[in-house]
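A.B. asks: These protein sequence lines are chains A, B and C, in that order.
Numbering-wise, UniProt numbering puts 245 at position 245 of the first sequence, and it's gapless, one number per residue.
Numbering-wise, UniProt numbering puts 135 at position 135 of the second sequence, and it's gapless, one number per residue.
Numbering-wise, UniProt numbering puts 168 at position 168 of the third sequence, and it's gapless, one number per residue.
Note that these hints are calculated values from the structure, not bench results.
Only a predicted model underlies this, so the values are computations on that prediction, with no experimental measurement involved.
Positions of the beta carbon are idealized from the N, C-alpha and C atoms, including for glycine.
Be aware that a few hints might be false.
Counterexamples of contact, computed for chain A against chain B with all Cβ distances above 10 angstroms [claimed, not checked]:
1. 194
2. 295
3. 421
Simulated coverage check for chain A against chain B, where a stretch passes if three residues somewhere in it have a Cβ under 8 angstroms from a Cβ of chain B [as the list claims (entries may be wrong)]:
4. 281 to 291
5. 313 to 327
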Amino acid sequence: MTAPSTNTAKPATGIPALFKTAFINALVALVLFSLMVGIRTEAGSDGQLTYWTRFGELASLVGIVFGGSIVMELLRQWIGPTGTEKLVPPAIRSGMSFVGRYLAPALLIFTLLVPVIFYNQRYILDLAILVLTYVMLGWGLNVVVGLAGLLDLGYVAFYAVGAYSYALLATNFGWSFWVCLPLAGILAAFWGVLLGFPVLRLRGDYLAIVTLAFGEIIRLVIINWQSLTGGPNGVSGIPRPTFFGIPLDNSDDGLAAKLGIEYSSTHRIIFLFYLILALALLTNWVTIRLRRLPIGRAWEALREDEVACRALGINTTTTKLTAFATGAMFGGFAGAFFATRQGFISPESFTFQESALVLAIVVLGGMGSQLGVALAALAMIGGFELFRGLEGYRMLVFGMAMVLIMIWRPRGLIGHRAPTVYLTKAQAISSDLVKEGHG
Amino acid sequence: MSGDKTGDKILGVDRLTMRFGGIVAVQDLSFAAERTKITALIGPNGAGKTTVFNCITGFYKPTGGTIRLTHDDGRVIALERLNDFRIAKQAKVARTFQNIRLFPGMTALENLMVAQHNALMRASGFTLLGLVGAPVYRDAEKHAIDLATDWLRRVNLLDRADDAAGNLAYGDQRRLEIARAMCTEPALLCLDEPAAGLNARESAALSELLLSIRNDGTSILLIEHDMSVVMEISDHIVVMDHGVKIAQGTPREVRDDPKVIAAYLGTDEEEAAAVMEGGT
Amino acid sequence: MDYFAQQLINGLVLGSIYGLIAIGYTMVYGIVGMINFAHGDVFMIGGFIALITFLILVSLGLTAIPVILLVVLLVSMAITALYGWTIERIAYRPLRHSFRLAPMLSAIGMSFVLTNYSQVAQGARVKPIPPFITGGYTLHESTDGFVIQLSNIQIMVVLTTIVLLAIFTWLVSRTRLGRDMRACEQDQTMAALLGVNVDRTISMTFVIGAALAAVAGLMYLLYYGLVDFFMGFVAGIKAFTAAVLGGIGSLPGAMLGGLAIGLIETFWSAYFSVEYKDVAAFSILIVVLIFMPTGLLGRPEVEKV
Numbered sequence: 001m002t003a004p005s006t007n008t009a010k011p012a013t014g015i016p017a018l019f020k021t022a023f024i025n026a027l028v029a030l031v032l033f034s035l036m037v038g039i040r041t042e043a044g045s046d047g048q049l050t051y052w053t054r055f056g057e058l059a060s061l062v063g064i065v066f067g068g069s070i071v072m073e074l075l076r077q078w079i080g081p082t083g084t085e086k087l088v089p090p091a092i093r094s095g096m097s098f099v100g101r102y103l104a105p106a107l108l109i110f111t112l113l114v115p116v117i118f119y120n121q122r123y124i125l126d127l128a129i130l131v132l133t134y135v136m137l138g139w140g141l142n143v144v145v146g147l148a149g150l151l152d153l154g155y156v157a158f159y160a161v162g163a164y165s166y167a168l169l170a171t172n173f174g175w176s177f178w179v180c181l182p183l184a185g186i187l188a189a190f191w192g193v194l195l196g197f198p199v200l201r202l203r204g205d206y207l208a209i210v211t212l213a214f215g216e217i218i219r220l221v222i223i224n225w226q227s228l229t230g231g232p233n234g235v236s237g238i239p240r241p242t243f244f245g246i247p248l249d250n251s252d253d254g255l256a257a258k259l260g261i262e263y264s265s266t267h268r269i270i271f272l273f274y275l276i277l278a279l280a281l282l283t284n285w286v287t288i289r290l291r292r293l294p295i296g297r298a299w300e301a302l303r304e305d306e307v308a309c310r311a312l313g314i315n316t317t318t319t320k321l322t323a324f325a326t327g328a329m330f331g332g333f334a335g336a337f338f339a340t341r342q343g344f345i346s347p348e349s350f351t352f353q354e355s356a357l358v359l360a361i362v363v364l365g366g367m368g369s370q371l372g373v374a375l376a377a378l379a380m381i382g383g384f385e386l387f388r389g390l391e392g393y394r395m396l397v398f399g400m401a402m403v404l405i406m407i408w409r410p411r412g413l414i415g416h417r418a419p420t421v422y423l424t425k426a427q428a429i430s431s432d433l434v435k436e437g438h439g
Numbered sequence: 001m002s003g004d005k006t007g008d009k010i011l012g013v014d015r016l017t018m019r020f021g022g023i024v025a026v027q028d029l030s031f032a033a034e035r036t037k038i039t040a041l042i043g044p045n046g047a048g049k050t051t052v053f054n055c056i057t058g059f060y061k062p063t064g065g066t067i068r069l070t071h072d073d074g075r076v077i078a079l080e081r082l083n084d085f086r087i088a089k090q091a092k093v094a095r096t097f098q099n100i101r102l103f104p105g106m107t108a109l110e111n112l113m114v115a116q117h118n119a120l121m122r123a124s125g126f127t128l129l130g131l132v133g134a135p136v137y138r139d140a141e142k143h144a145i146d147l148a149t150d151w152l153r154r155v156n157l158l159d160r161a162d163d164a165a166g167n168l169a170y171g172d173q174r175r176l177e178i179a180r181a182m183c184t185e186p187a188l189l190c191l192d193e194p195a196a197g198l199n200a201r202e203s204a205a206l207s208e209l210l211l212s213i214r215n216d217g218t219s220i221l222l223i224e225h226d227m228s229v230v231m232e233i234s235d236h237i238v239v240m241d242h243g244v245k246i247a248q249g250t251p252r253e254v255r256d257d258p259k260v261i262a263a264y265l266g267t268d269e270e271e272a273a274a275v276m277e278g279g280t
Numbered sequence: 001m002d003y004f005a006q007q008l009i010n011g012l013v014l015g016s017i018y019g020l021i022a023i024g025y026t027m028v029y030g031i032v033g034m035i036n037f038a039h040g041d042v043f044m045i046g047g048f049i050a051l052i053t054f055l056i057l058v059s060l061g062l063t064a065i066p067v068i069l070l071v072v073l074l075v076s077m078a079i080t081a082l083y084g085w086t087i088e089r090i091a092y093r094p095l096r097h098s099f100r101l102a103p104m105l106s107a108i109g110m111s112f113v114l115t116n117y118s119q120v121a122q123g124a125r126v127k128p129i130p131p132f133i134t135g136g137y138t139l140h141e142s143t144d145g146f147v148i149q150l151s152n153i154q155i156m157v158v159l160t161t162i163v164l165l166a167i168f169t170w171l172v173s174r175t176r177l178g179r180d181m182r183a184c185e186q187d188q189t190m191a192a193l194l195g196v197n198v199d200r201t202i203s204m205t206f207v208i209g210a211a212l213a214a215v216a217g218l219m220y221l222l223y224y225g226l227v228d229f230f231m232g233f234v235a236g237i238k239a240f241t242a243a244v245l246g247g248i249g250s251l252p253g254a255m256l257g258g259l260a261i262g263l264i265e266t267f268w269s270a271y272f273s274v275e276y277k278d279v280a281a282f283s284i285l286i287v288v289l290i291f292m293p294t295g296l297l298g299r300p301e302v303e304k305v
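Put together the whole structure using the sequences plus the hints.
C.D. replies: Laid out in structure tokens, this is it:
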């Protein structure tokens, strides 16, 4: 927001100018939507393409743009050209940092209590598990993007490696979840190193496109290596997790029978909930811990200035590799969890959209901020869920939200960095100073 | 520290040549830097000084020639064969940059902690011991903080320890960068224009700092334009122009060398002499 | 040998389409330094607009093929260009001096918007058109009965690409706009100080890129005879791969990269396996970047210390 913005400095004042702007916008909208919305095409039963007109929809869309631009312009004049920063007075901002200090513990306590509060609400529990999965993925990717400043557009590949590792080991060899979980993490980390080794000397957008390509390669191989992965049909019948060997089912050996309580399918959901919570918290704990170790500081230093790192004797290649491998490992854990929760996986779950979603969570959260990432995951997945009924419009709204959020807060929700060590007092560092890395 | 060692060579550059495509930036340059002395590399803009630095510190691979670093214990390291980070890690050569390269989003203290990366990595058992919070690592970290605190005190930035490096004033950043280089506990400290952009008072403080670093036993190689600093603190000066060495000697010898004066200011000797006198 | 020649032709045609899209990526990257993730979807929109215009013209009873083609070309270029302009205006311009990841995320968001906008507006099903330009030449017939075909549509795709490239090269190297674009690429602040309208130049870059993508969309429609809302993603990634392969920021590089990707894909499908053609394209990208980190024609990045 400090950058000089060139577009908003319109001297549009007075009613005529207002209407002129709105009229131009409506005109642009009319041209844009004329064919795409005004005409609807469809392939008929005989394969012949037919079309019909929808001028009503076209007219209302153009009308919305017209009205919308008037409202926007009025709002802009009200608020003034200073943007959002001024909207929040310093008093409230310091109040927010006060809230911030207690927000994380409060959120954690609430999360721990979710299965108690919503015991019989399967839908909410499922949603909570989904949110936590993304919190974990976000925290995992945060190591790579937020701390080390390496742009990874193919994070979903490691999620896929983890999921398929568990699915294949469990269905082919009957290995238990608790053996496969670390293996899934190790395998994902291994793939991270394998990819990272040759490509980590690439910088910036070259690294981005190579990671994206890698993500696609993994997905395509999964689709096409049918004898191993089942191709597009996926792997089904993946064993459910056990409570350290005791199954959570209705049998005599099941946990419910052993504890002498009545069996309920909710038990398994609650177990899954605490399982992903534990995994996510492990990710968080390890990350926080690593940040305060030399390796974590080296990651952040790498993000700030790679050349200076080399001048200080830091091996940048291994430092990048460890960041990549650590992030990949957490992705692998999350993947194994995903597989055991779904009981079925297919390549459809591992598209670029997933990578983009996780990256959006990290960036929206405010790069490097653990709390920010958790809040962003909640907002994104929760918000996404709100539009479930809209089907086709869901991704449309999601995409628009991504654009608007970036314009509103390019630095993410939590825009400051906490130092990892201090002499007298830990002061938050403004995000304007924190670099975003080149790689 | 080791008085008997003074006088021997810590850095020997022999017939160093660096070409970029067809352009020869440094040609057959030979010079030596003595242990626990301050050696200055001066010359007009574009003389190739920073290129020499980049060759010594491993950012460029020299086209030809050798660069030898002799440690206290007699170990000789061929710097031209080591690449970037190993020069700082194994050969113990630290450097600063002409345009300051701190970690702006990290605090002053964190900057100095990053500089002790290799020592701390070893102490943290390459992260594993540190992760479980082993006492070995906690002691090492405490020691690292102490070292950093010492340096912050010496560069007069102790009260700014917890401020972001990017928020410090320009002169403070210059000194912090030197402190950061010193936290790697180097044998040879290479400074690329440390006085650039400093005012007279800050320059004087810088001279004092560099002298104290030298007196504590670290050899210094210095590129500098500020003649008042160079003439005041250097023990030995090497003058470059157009990629070749044109003169060397003590400050006094260099100051009076007509070739140096010509290189700096064409042939107007009187004016050039005035510049070479510097602020003294 | 004949089989090889046939594949060479097919690969060049496909490569031309990728190259046209890749130019849009490379131009935008050169001037604003961002990956315009929505560009693949702009190509898709171009294809849809061409389809709809075509449909209307045919239903109006027009039969003269050259007239239809010309109108379709102009309409789809114009409207798609406006899409490009609007996208830059809404999603990228407010973020121009922001932190590097913000415009990238905004672009990814924009790509989702466009994909789903066209799904919502035009439905999810594939839209086929009947073969429009038919016929061709048999170049060679071997003894075992294999024929090398060069269809009219293939000729048209390659010719259009060549003509467009000529116009485009002239635009960048000879006109005022091209000079402004190159100036902005070097240093926006300095260009602005010297009186270049940076905002307008950047807008024009997006407009030109989108117009070229629209041509690619039309070519795709004519060549494959169908469009669907999801085609922008894969084509976009491949075209971006082409741009990076050629050296991002370099215009001849984009075309060269496009041809390379087209040929790799075609030959891989012909001689090895169709299923792994994309894997081959991406793997070669990775390998090329490892050994030539700035692509085939990219300027080597000199590290300033």
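A.B. asks: Against each hint, give a clear statement of whether it holds in the structure.
C.D. replies: Hints, verified against the model:
1. 194: 20 angstroms, holds
2. 295: Given a closest Cβ separation of 5 angstroms, the condition is violated.
3. 421: Check fails; 6 angstroms does not lie beyond 10 angstroms.
4. 281 to 291: Result for this restraint: holds, n = 3.
5. 313 to 327: Coverage by chain B holds here, the residue count being 5 at a Cβ distance below 8 angstroms.
The structure fails to meet hints 2, 3 from the earlier list, while all remaining hints are met.
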